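The listed protein sequences derive, respectively, from chains A and B. The first sequence begins at 4 in the numbering used here and counts up one residue at a time. The second sequence begins at 2 in the numbering used here and counts up one residue at a time.
Residues of chain A placed beyond 12 Å of chain B at every Cβ, according to the derived structure: (1) P138; (2) H163; (3) G179; (4) W283; (5) C341; (6) D367.
Partial list, derived from the structure: chain A residues whose beta carbon lies under 10 Å from chain B: (7) E101; (8) D265; (9) Y399.
Simulated from the structure, these hints should not be mistaken for laboratory data. Keep in mind it's a predicted model, so treat the numbers as computed, not measured. A virtual CB, placed ideally from N, CA and C, is assigned to each residue, including glycine.
Given next are the chains, with one letter for each unit.
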Amino acid sequence: MNFGSEGLSRPLKRRSFIASMLATGTLALTSCGTDDARAGIRFNQSKPEVIPYFRELLGRFNSSQGTVKATHEVTAGLSAAFARNDPPDLGCLNYNFEMARFQERGALSDLSDLPQQKMNAPFIKQLLDLYPDYPGRTSVLPYSMMGAAVLYNKDIFEKHSLSIPTRYSELLDLCGELSDLGITPIYSTFKDAWTASQGLADYSIGGAIDINQHFADLREIGSDFTPDSSVTFSKAFTDPLLKMQELAKFSNNDAANRGYGDGNLAFANGQAAMYLQGPWALPEIAKTNPDANIGTFPLPMTEDPRDLKIRVNLDLALWIPEQSDHKAEARELLAFLCQPEIQNAYNESALGFGVRSDSPPTKDPRLKQMQPYIDTGRIYQGVSTAIPRTIPFENYMQGLVTGGSVEQTLATLDADWARLAQRS
Amino acid sequence: MTLTSPAKPRSDSKRPMPTPPAKRRRFEATYLGFLVPALICFTIAITVPAAMGIFFSFTDSVGFGDYNLIGLANYAALFTDPAIIGAYSFTIGFALVTVLLTNALAFLLAVGLTAQIRARVALRTIFVMPMVISGIVIAYVFNFLFSNTLPTVGEYFGIEFLKSSLLSNPDLAWLSIVIVSAWQAIPSAMLIYIAGLMAIPYDLYEASSLDGASALGQLVHVTLPLMIGYIGINIIIGFKNFLGAYDVIVGLTNGGPGVKTRSIAMTIFTGFERGDYAYQMANATVFFIISLIIALLQLRLTNRGQAK
Chain A
4 MNFGSEGLSR PLKRRSFIAS MLATGTLALT SCGTDDARAG IRFNQSKPEV
54 IPYFRELLGR FNSSQGTVKA THEVTAGLSA AFARNDPPDL GCLNYNFEMA
104 RFQERGALSD LSDLPQQKMN APFIKQLLDL YPDYPGRTSV LPYSMMGAAV
154 LYNKDIFEKH SLSIPTRYSE LLDLCGELSD LGITPIYSTF KDAWTASQGL
204 ADYSIGGAID INQHFADLRE IGSDFTPDSS VTFSKAFTDP LLKMQELAKF
254 SNNDAANRGY GDGNLAFANG QAAMYLQGPW ALPEIAKTNP DANIGTFPLP
304 MTEDPRDLKI RVNLDLALWI PEQSDHKAEA RELLAFLCQP EIQNAYNESA
354 LGFGVRSDSP PTKDPRLKQM QPYIDTGRIY QGVSTAIPRT IPFENYMQGL
404 VTGGSVEQTL ATLDADWARL AQRS
Chain B
2 MTLTSPAKPR SDSKRPMPTP PAKRRRFEAT YLGFLVPALI CFTIAITVPA
52 AMGIFFSFTD SVGFGDYNLI GLANYAALFT DPAIIGAYSF TIGFALVTVL
102 LTNALAFLLA VGLTAQIRAR VALRTIFVMP MVISGIVIAY VFNFLFSNTL
152 PTVGEYFGIE FLKSSLLSNP DLAWLSIVIV SAWQAIPSAM LIYIAGLMAI
202 PYDLYEASSL DGASALGQLV HVTLPLMIGY IGINIIIGFK NFLGAYDVIV
252 GLTNGGPGVK TRSIAMTIFT GFERGDYAYQ MANATVFFII SLIIALLQLR
302 LTNRGQAK
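Construct all of the structure, not just a fragment, from the sequences and the given hints.
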């Protein structure tokens, strides 16, 4: 560290700090004077990686027109805001079960009349169907989608002329071959329960069964669910989870002691051939090794290549609470964010996939191999995002990959589900 | 506890009051002036939300929107839920083991640090350090030690049981939480013991050593009986604190491996964050009653100590 420049910059910093304080003060004063006519709305977006991106977008929105002034809210955890009857006017959040319980209870307003809804890609309906909506409403507008599959080290595959497996048996052969070569087949980070659940568990189950159908059946049974019902987790998940345990054995020896950060570092350094993480890991990996030659393929869980699917989730979806007093203004901001040039640019920068029928395909070389699956709708949403988080599913999966009993775990899960179904 | 303390001055009223009534009233107003802000804050921040929470435990609320009163259904479900029962048995077992370990070590350290040894004050300072570091920081540091440092050491020296992390061992992960919690809790228990030990008149030791008692004999027959009140308080306070274990567990195992180390506080918190609001409010109410019983026990013990 250069102490000379440090000494120089300190007084400068202080001076510029005072100047900026004064500037904000003046701005605040002037804004009180002139901006009374503008309707203020609150925009909530809390995905940490893209907060600066959206802050900049909001700035553009606020200066692009003179009627609405949006402020950026980044608080995560909306339960409290809804409980206080004070939710943001426009939300832009990850769409998962947590979000779904707001829509199910009618806390979100109907967006079915939005022109943007007509632009949804054909596969979107399937994604929204996983969660129950309030009768007669379409409560969210998808904004961005993440695709996740097996990340693999292309260099290792090329060097040993290994091909991408499309059947479960080929996957096992591949893992065996890699082990024989002295290469760790899969880098696992089981210390962080969520990595076991969103990676290995979600891929194993999603690649083997129809998750939408499973949860639709469960909803049909509703509060009558018992561990003896016609559809249960024990019946549906036993096979895929036994396979998952088989695959977990091909992990690095110290998988149980390793966390997400360790995994990104190790995979970036080529310490394993495969890594079961989503695209969010790619920027982290690039920090260590910007030239990492990474590709993706869906985890094959059956003997039929037509069953190959990739895991997706609606990383961001827009919604407007029923309680908002500024629905019209919120819709203005929504329309601004949904302009193709803005929405597409976001997806490109955040490694997302478009959710509109006119979205361009991804340009990122690391994600390209997933595009055909998305275009043909061969996708599923992770089972971990469909189970209410009051059931510690992540912990259950962590227990399984570290050797727990599938039978017992699924019996517990069935019992949990029955209790939950009875009280809600 | 805090609620019952204002009741104490009752016993004073029997005594003859030397101050004239007018002045006394002014005094009372002053005292009330001290109490009222705290009382208002306590009511708004603790009593009212707690009462609301207890009310919601009899509903099916998810934390927002409409709800129905469903009577004791949440409580009935609670007592048959293996996840809840598992959390209670883990937490109570953990609290018992940790409180015993903490007090045994804290007592021995206190005895050592009140003896005539060199660098006593410096050593005391060092031993008190864990108390000033926040639990989550301690937990993350130990997490690193358990998952990286110890396995590396085990690998290097070929020590088998160190090679895999204690945190990922389903049968022993709880031990790591005991160790870290004890490490964090020992200083405060030790300080109470040091205070107690310094209050023991030196004559007693002198007399007993004239009677030919050994150091161990003095510890067992002089120190321990005189310290029994402090031990009781320390154990009850410690037990109550360990029942609320949260930050250390989140930083170490986050309830894992599997659900082996989920504490009561963790299950309650998932309810608030994850849409099982009313149900976990019922859990919180049960937990509150248990804590209340322990607090009353503690209060009785302290009062008895004062009466002597």
